[in-house]
Structure formats: C-alpha cells, structure tokens
Amino acid sequence: MGKEGLIAAKELKRLRSDAVRLDRFIRTHVSRLLKSDLFAVLAEFQRQDQVFLCMKLYDVVRKEIWYRPDMFFYRDMLMMLARNKKVYEAKRVWEDLKREEVLFDQHTFGDIIRSFLDSGLSSEAMDIYDEMRRSPDPPISLPFRVILKGLLPYPELREKVKDDFLELFPDMIVYDPPEDLFEDQDWKR
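Per full-length UniProt numbering, residue 1 is the first one in the sequence shown, and the count goes up by one each step.
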C-alpha cells in the first residue's frame, strides 16, 4: 500500500462515525486513489473485518471507470461478510454479482459456501449451494468434499449434499466420521 493509501485508510477509520465528513472524504480523496491503493485499502479493511468501511469502498470500486466485474473481488467481499455474519450485506453483494453476470468456478463456490457454514449461516450457505448446482461450470469433487466437511454440524443438510455428490460421482466414496467422535463437542449451533 502506498503512502496515499495509508493516509486514506487512517482517515476513513477516523471519520467512520461522521457520515457527512466520511462521504465528503470519499468523494474528494478516496476516489482519487490509484487502483492498486484502493484495492490495498479494501483488502486491509477486509482483513480487519471493518464491514462498514468495506461496504463504502465496495461502492467506490464499482463506480470507477476502470472497474470490471471480477470473481475474486466478490469472493473476498462475500467471505468477509460471512465471517462477520452480515447476511443483509452479503445478499446485496450477491445480487450485484448476479446483475453483473459474474460466474464463480466450482472451487470458489466451495470456498464461499464453507465460509458461510463455518460462520453458522447454513441457510445462506445452502442458497449459494443451489446456485452452485445451477452453474454452467462442470462439477468437480473437491468443492463437494470441502462443503461436506463444513456440513458435519448439520446432518440433514449434509445428507442432501452427500446424495448430490454420490449422484454426480457414483464411483467415489464419502467419508462419514463415526458419530461418537464428536460427542464431547457442541456441534449444534
């Protein structure tokens, strides 16, 4: 991150509680940042789980003249929102990517679904799983295995995905851990 990116990040954090001054700063300074600095500031705020500021920068990036829809841009936003259990914002980002016709590959779908599952957002994860099943990208086994592992705390949902997996890959085996293996852990969310 360049010097101007560092200054912008510091000011954004300082002004986040003052909506008027924050919007003015975004219009006058953040929109002038180089593309690399803007993405660096966004990535840093994602790392810090600064959801409010990430959503502000998300809007700025999407308005830039150089902006082109990108799978990784949306993946990073969705994973950060899942980590912070921000369902409303995640649905907004999902609608934007659908409108822009961004297509995820199977591995990316698996990563996003797993991040929602790890955050206890099983309903949203299964909505994304349904999108994955409708994707034109041909299914591959590894993302299903990642999802199945994330579904261990949700046995009913796991059975549905397991059935889909066995239908798509009939010659493969799904490992089911012994039920008593997790007795001491609280898997119910």
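Since the hints were made in silico from the structure, they are not lab data.
Note that the Cβ used here is the ideal one computed from N, Cα and C, for glycine as well.
A few of these clues could be false.
Now the in silico label distances, taken between C-beta atoms and shown as ranges [claimed, not checked]:
| no. | residue 1 | residue 2 | range |
| --- | --- | --- | --- |
| 1 | ARG92 | PRO136 | 21 to 31 Å |
| 2 | ILE7 | MET172 | 18 to 28 Å |
| 3 | HIS29 | LEU142 | 40 to 50 Å |
| 4 | THR28 | ASP127 | 35 to 45 Å |
| 5 | ARG14 | ILE173 | 35 to 45 Å |
| 6 | HIS29 | GLU100 | 43 to 53 Å |
Cross-check of the supplied hints:
no. : hint                       : in the structure
1   : ARG92 x PRO136: 21 to 31 Å : 24 Å, holds
2   : ILE7 x MET172: 18 to 28 Å  : 53 Å, violated
3   : HIS29 x LEU142: 40 to 50 Å : 43 Å, holds
4   : THR28 x ASP127: 35 to 45 Å : 39 Å, holds
5   : ARG14 x ILE173: 35 to 45 Å : 55 Å, violated
6   : HIS29 x GLU100: 43 to 53 Å : 26 Å, violated
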